[in-house]
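Engineer: Make the full structure from the sequences, and use the hints.
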Amino acid sequence: MTEQERIQKQRTERTREESDDVSVVAKKGEQLKGELDDLLDEIDSVLEENAEEFVRNYVQKGGQ
Amino acid sequence: MAIAKILGIETEYGVAGGPDHDPTTASSIIVNAYAQQGRSRINWDFNDESPGTDARGIVGGGALAPMIETHLANTVLTNGARLYVDHAHPEYSAPECATPAEAALFDQAGEEVMRRALQVANETLPAELAITLYKNNSDGKGNSYGTHENYLVEREVEFSAVVRAMVPHFVSRQVVVGAGKVGWETEFASGADPQFQLSARAEFFEEVVGLETTLKRPIINTRDEPHCDAERFRRLHVICGDANMSPVATLVKLGSTALLLAALEDDGANQFPAPPLRPVRAIRDYSFDPGLSTVHEDENGRRRSAWDYQDELWTLAERYVRRRGGEVVAPASQVEEILRHWREMLDGVRDDPDSVADRVDWAAKRRIVEGYRERYRLEPRDARLRAIDLQYHDLRRDKSLAARVGLRALHGEEEIRRAVAHPPTSTRAYFRGECVSRYPDAIVSANWDSLVFDVGQGPLQRIPMMDPTRGTEALVGALLADNPTARALVDALNG
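One line per chain: the protein sequences are A and B, in this order.
In terms of this note's numbering, the first sequence opens at residue 1 and continues consecutively.
In terms of this note's numbering, the second sequence opens at residue 1 and continues consecutively.
Source of the hints: derived by calculation from the structure; they are not laboratory data.
A virtual CB, placed ideally from N, CA and C, is assigned to each residue, including glycine.
Warning: the hint list may mix true and false statements.
[What the hints assert, rightly or not] Calculated pairs, DSS-like style, for lysine-lysine (alpha carbon to alpha carbon, straight line, at most 25 Å): (1) B:K141 to B:K216; (2) B:K399 to B:K216; (3) B:K399 to A:K61; (4) A:K61 to B:K216; (5) A:K33 to B:K399.
[As the list claims (entries may be wrong)] Which bits of chain A does chain B cover? Going by a derived footprint, with three or more residues having C-beta under 8 Å, they are: (6) 40 to 47; (7) 50 to 60.
Structural biologist: And the structure:
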């Protein structure tokens, strides 16, 4: 088996395993969404308050 | 034949705040704050600097030699790095390293150096003048600053072969190692009007090959200033990369490039995919399309997406490693790690970018930008989304978004702290860093390829370090241990 075939086979097997159990995939999706929600809450708490001014004032001249 | 891929990254940090909001003043405060902690007061020596020398030989008009600021804060650190003010930015030039993982470590050490400098500087400034630093590449208003990689390349390889072989990688690697960007900021992007780009830096490139770094930036920079024996070595100065917050992305950026350069040295340029006919258009167009479907045609009429190029280049690198080993780049286990991450990141961005948001910066950034936009139903140009982009790169731990998105670590905190103070053991940076640490009062100045000592009597003594692979702990560790004073060291070296 060539290297390319071996990789292709690995990928195919991985895809098959992943699609085996749809409920697991759905559960993982919910978990990821929950994680993103938590992350966005955290971003809300640290993001600069006046975004407009913060972005406008950031000017960098003279770089390579 | 391939030679050791000594490598390193130099980063210009974005800087805001400080007295009068003057970036040069703020940058000087940052560099001096770090130097005045007693870590180093040693000057940089400009004797061997020649950034105007062109790898193509004599070049007719059209490109001006870059200007060098020689009177700003400038110092060398005990870890072998250079910390200085370049133009209007504080810059950390990491010490020369022997492997991509080591270079990624010393890149992270640079973040820590800047963080400490920031802390010291802000303790002396009133709150309203507090400085902030960003490890990014543009201000969102058309001003860009660089994250430059350097690779040691065998002098015998024709420069035209470097261009032929490496252009495909430099235009396409942003698929896995791009830092991402909300919106666009140059006239070159106005037509495509992308809401999100793969690369922060890509839209600033205007030439394929050239000497410039600040105007008409080229994809392949021809600065021929090896900082070592120019008969044997080239230093390939890569200016088209993004500043990565993801340590694994830094590893893959360096590792993929180093492996391809080794393959070029060993087996020539013919094995490489042909470059796109219009590389400047390609690097931009690929950046404008996070959907990864944009294709460009090569000289044979073959059309490839950036992903297609990366797939071919990964296969080329993998075959090279199977056939010849990758020892010139790193030990086998690290080379395997580089190939594995590169492959997984490549497959991940095609199948589901969120699945590799722990390693691919643009995917991590896009995930939070899109999530935030959907949550508050924002317009694509909303300032809050651009603030997220900027704050992703904020060095302050209490503000950094990159620190919150779950990026995979490569090195532990302890290892990074050690790399702030101590040089890599594997290159001449060891000799430089250890000398700065052991004999600080006797070193008059330092640069990449020499140290100048004043041992108290007789003329100043310049110690050349023309081979980056020497001066390692293995070669000079005992010598340094046996000579507690600079005078004894210099005498031993002149033996």
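Engineer: Using C-beta distances, would you say chain B covers the segment 50 to 60 of chain A, given that this needs three or more residues below 8 Å?
Structural biologist: holds (count 9)
Engineer: Decide if the proposed pair is consistent with the structure: K61 of chain A and K216 of chain B, CA atoms, cutoff 25 Å inclusive.
Structural biologist: holds (15 Å)
Engineer: Would you check the hint for K399 of chain B and K216 of chain B, treating anything up to 25 Å between C-alpha atoms as holding?
Structural biologist: violated (34 Å)
Engineer: Given the hinted pair K33 of chain A and K399 of chain B, is their alpha-carbon gap at most 25 Å?
Structural biologist: This hinted pair holds, its Cα atoms lying about 23 Å apart.
Engineer: Cut-off 8 Å, C-beta pairs, minimum 3 residues; does the coverage of the segment 40 to 47 of chain A by chain B stand?
Structural biologist: holds (count 5)
Engineer: Within a Cα-Cα threshold of 25 Å, do K399 of chain B and K61 of chain A meet the stated pairing?
Structural biologist: holds (23 Å)
Engineer: What's the verdict on K141 of chain B and K216 of chain B, does the C-alpha distance respect the 25 Å limit or exceed it?
Structural biologist: holds (17 Å)
When held up to the earlier numbered hints, the structure conflicts with hint 2 and nothing else.
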